[in-house]
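Novice: So you can see what is in the structure, the chains are spelled out below.
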Amino acid sequence: MLLPFFEWCEATWLGQYVRDSLWLFPVIEAVHLLGFCLLGGALLIVDLRLLGFGLRNQSIAEIASGADRWLVRGVLLTMATGILLFLSEAVKCYYNSSFWVMITTLPFALLFTFGVRRRVVMRDGLVTSWGSRLLATVSLALWFTVAAAGRWIGFSS
Amino acid sequence: MLIPSALDWLARTPWSIALHESQYMWPLTESAHVLTLGLFVGSTAMLDLRLLGVAFTGVPVSELTSRLLPWTRAGFTIMVTTGLLLFYATPVTYYQSLFFRIKVVLLLAAGINVLVFHARTHRTVSAWGGDDRPPSAARVAAIISLTAWTGVVVAGRLIAYNWFSCDIQPQSAFVNWVSGCGAGTP
Chain L
1 MLLPFFEWCE
11 ATWLGQYVRD
21 SLWLFPVIEA
31 VHLLGFCLLG
41 GALLIVDLRL
51 LGFGLRNQSI
61 AEIASGADRW
71 LVRGVLLTMA
81 TGILLFLSEA
91 VKCYYNSSFW
101 VMITTLPFAL
111 LFTFGVRRRV
121 VMRDGLVTSW
131 GSRLLATVSL
141 ALWFTVAAAG
151 RWIGFSS
Chain B
158 MLIPSALDWL
168 ARTPWSIALH
178 ESQYMWPLTE
188 SAHVLTLGLF
198 VGSTAMLDLR
208 LLGVAFTGVP
218 VSELTSRLLP
228 WTRAGFTIMV
238 TTGLLLFYAT
248 PVTYYQSLFF
258 RIKVVLLLAA
268 GINVLVFHAR
278 THRTVSAWGG
288 DDRPPSAARV
298 AAIISLTAWT
308 GVVVAGRLIA
318 YNWFSCDIQP
328 QSAFVNWVSG
338 CGAGTP
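If you read the protein sequences in the order shown, they are chains L and B. Quick note on the working numbering: the first sequence kicks off at 1 and runs consecutively. Quick note on the working numbering: the second sequence kicks off at 158 and runs consecutively.
Since the hints were derived computationally from the structure, they do not count as laboratory data. Treat the numbers as computed from the prediction; the structure is a model and nothing was measured. Errors might be hidden in some of the hints.
With the Cβ distance kept under 8 angstroms, some of the chain L side facing chain B (calculated, not the full set) [said to hold, decoys possible]:
(1) L33
(2) L34
(3) A42
Think of the CB as a built atom: it goes at the ideal place given N, C-alpha and C, for glycine as much as any other residue.
Just chain B, with the same shape it has in the complex (with noise of 0.2 angstroms):
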């Protein structure tokens, strides 16, 4: 049980008590958090559309990732950061939360859903980047993308709902095994 003792640790540090209970800094961080997604789900759905050749078939799918990649990579980074803080600050409840659960396995899908796109199908974008109907592997990354960010801005939303907390019992043995209940809370 190394990751529920560390957690537990974790939430005993100074900042991360502080953080968790201030007045400002939590929801300020959850704020920028939450209107970042903008940015970052706004732009990565702008490219995807092109991708599936239903949004700006006149831009070469090469001038998006040129371009406004950077400005992705920007948005993720914020994400991230404030993602982090957030998990900082109650990382025990995030631990044992379903949606949160979810949530990182469909970050996991989108992750690899990138890497596997710019590693093979975007290789070859010289070739296809003009036409206004890209190539099926370039359509299936943008439908996994879109499906996988949905899913994460849905799971993450839902965190913040109690319904399958460890701290509210009984829970179905499956929601328990899952949310990793039982463990970390000494």
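Just chain L, with the same shape it has in the complex (with noise of 0.2 angstroms):
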């Protein structure tokens, strides 16, 4: 049932010239990875301390506000480049099962971490609790999900 759309995506301007392109595929694959570095860091210096390690001398709040513009460019720079990534190889990626595992995820890790962490997180207050701890490991069971199958796409079928 998705598949002409999938078939749609891959035949878009877009999706032909990255395919085209013998360096751009790789190119913004390097910078797809950059933009998981900066996500990685900006997630893990806040769920770090939401667990009770790292800087535990300053506020969860403090540390959530510094993190999260940080966060947001990670997430626009990652989520830009998968973009493209995809369509230069989006039927390749609808017969993927890895493909699926991560696309599926990502709207539940995007709306946890802006819907409903970014909320808790940022109020004044919040102590490590056993409520904090929750939220960082649904957090990072989220996001390492979809690394984690992100990655895979290139070695399943």
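Grab the two chains, each in its own frame, and use the hints to assemble them into the complex.
Specialist: Spelled out as structure tokens, the structure:
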């Protein structure tokens, strides 16, 4: 049912442009990784704090508000480059089970991070507790799944 | 030609062949290597952004170097372990890879920068660690760090592409020279 949409994606001008270039796909992949690094750093510095590790002498709200803009930038960079990579080989992705794991977990990761986690961690007075640990664990599990499945697209079929 | 023949021997060891040919161990090692970037380069970037004065300005630099750096070191240990395993799986291929050689040079540059920062600039962190905008030596170290690690990630990713492989000739004399083609393949 979705296959025509994936075929349309692959036929877009942008998809063809990336696919026809020898070096564009690898370079976009590299930038995709750099975005992931930024996302990972900005995510972990807060999740570690929520778990009671790392920058424990600062409040959760202070670390979270400092990391937020870099988290957004990391997510935007990773998603923008991810869309380009997808367009260039959409039909291959359609038949790739890891792609489906990644793309179905991603909305949950985004919703949780910017709908739930952001609201809770920005609140003043939040301290390390079972609630904060649960928040960090869910956050780490969701993004780990997205990243691991994303990497595995290249290994699976 | 001591290094090429040693690597050639390494490539023939049973565990190297097993890792190289394994269906899951190689991809799992490679995935661990890539995913740990989020911890290692990610936390390094957070410190660098603080040193540049564009993130966490309310947090003293010494807090980051004392409380976040252990996590960076843990990430680095995983990166090196998995990286060595990947090298061990196909040592000759990596040794003769142009991008691998670029990556090694950038790793050395990043390493020297870390040593210089901690041996000199960071020694006086109690005097400037609370500044929103740390002194120029710290900011320069941050820019070198971000540039070098960006280069390491990009070169590392490009190792997978064999555009300049010794096995694919003709290559320019310069590429053959930089990649050390012609050595180590009996």
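Novice: Let's test the interface hint: is any C-beta of chain B closer than 8 angstroms to that of L33 of chain L?
Specialist: holds, 5 angstroms
Novice: Using the nearest Cβ pair, does L34 of chain L come within less than 8 angstroms of chain B?
Specialist: Holds - the Cβ of L34 of chain L comes within 8 angstroms of chain B, reaching about 6 angstroms at its closest.
Novice: With a cut-off of 8 angstroms on the beta carbons, see whether A42 of chain L makes it to chain B.
Specialist: holds, 7 angstroms
Of the hints listed earlier, there is not a single one the structure fails to meet.
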